[in-house]
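Asks: The lines below spell out each chain.
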Amino acid sequence: DIQMTQSPSSLSASVGDRVNITCRASQSISRYLIWYQQKAGKAPKVLIYAASSLQTGVPSRFSGSGSGTDFTLTISSLEPEDFATYHCQQSYNTPWTFGQGTKLEIK
Amino acid sequence: EVHLVESGGRLVKPGGSLRLSCTASGFTFSSYTMNWVRQAPGKGLEWVSSISSSPSNIYYVASVKGRFTISRDNAKNSVYLQMDSLRDEDTAVYFCAKGGAEFDSWGQGTLVTVSS
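Going down the list, the sequences are from chains U and P. Position 25 of the first sequence, counting from 1, maps to 25 under the numbering used here, and the rest follow consecutively. With positions in the second sequence counted from 1, the corresponding number in the numbering used here is that position plus 1000.
Some hints here could point you the wrong way.
[As the list claims (entries may be wrong)] Covered, in the sense of this in silico footprint (three residues per stretch, anywhere, with C-beta under 8 Å from a C-beta of chain P), are these stretches of chain U:
hint, segment
1, 41-53
2, 98-104
[What the hints assert, rightly or not] Derived lysine-lysine pairs resembling DSBU-like cross-links, with alpha carbons at most 30 Å apart:
hint, chain 1, residue 1, chain 2, residue 2
3, U, K107, P, K1043
4, P, K1076, U, K103
5, P, K1043, P, K1013
Simulated from the structure, these hints should not be mistaken for lab results. Remember, predicted model here, so these are calculated numbers, not experimental data. Even for Gly, the Cβ is constructed at its ideal location relative to N, Cα and C.
Next up, chain P with everything else stripped away, as it sits in the complex:
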């Protein structure tokens, strides 16, 4: 059974940094593209970033480009999201999700709150 567990979310001040982690089990992690998707309180889902299995292909939504960095460690079955220059509008639950364009498994999410 696929299992994804996110961690690292907390309260941080505007302009601050945070690193989210997602640890995977139950599948061959190194073979799959991984993603971060976020959901602001009471809002819809927003895809944030993806990293291919190799990881030669990395993509970001425009609103985080230059501020967030996705990475992975296939030896540790983990994917990360380094978030810098955080803004109020980055406040959301951040989900880790497996898959290329279809997100077939999700973690339970970790809450990031950006507030002074």
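Okay, chain U solo, but in the shape it has when bound:
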């Protein structure tokens, strides 16, 4: 199975900050990487697919980069509604696996 490791596990930041969340795969997954945002008590929603493609309706302050084993989710300027938990997931092969999540909190 492909292991996905996110860092950091938690992050405190302020509105307007630029933040990066990283995700590392235990083997190459090309660009088969998805980023989700999950707010407390809610279902996840897709932000980024194929490592860097922005899902329809997602604000342009979100971006994704990377290929192979190392990936990054960047939020260019935090808005209040961005404080949530972020998950990466590999879509290279089954079993589909997720990172442990990164909780983004208000400083």
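Add chain P to chain U, keeping to what the hints say.
Replies: Just chain P now, with coordinates in the frame of chain U:
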């Protein structure tokens, strides 16, 4: 608009059984692979099982293989998860999710608690 509604979660004793249901609307259900994904309290997401549209292709995570069975009824726009021999570690919110490898729509989840 895609709408997925899960039901069937409750408190069950270890070794017990439960059947979860997910009813879909807003898209052509019979054309899409459907999945179950779970999230234990305070933990990350774990994909559990998927079933293709036909449904000729079925997959499970190793930890549930032989205990859980996924099925679907395209006439009822529904997907099911039969869970047998439940264990404490199966306690989680179970989400129904649409899509092959990318889960583009999710339900609100149903809570399964396994405890004596």
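Asks: Provide an ascending list of the numbers of those earlier hints which the structure does not satisfy.
Replies: Number 4 - this is the single hint that the structure violates.
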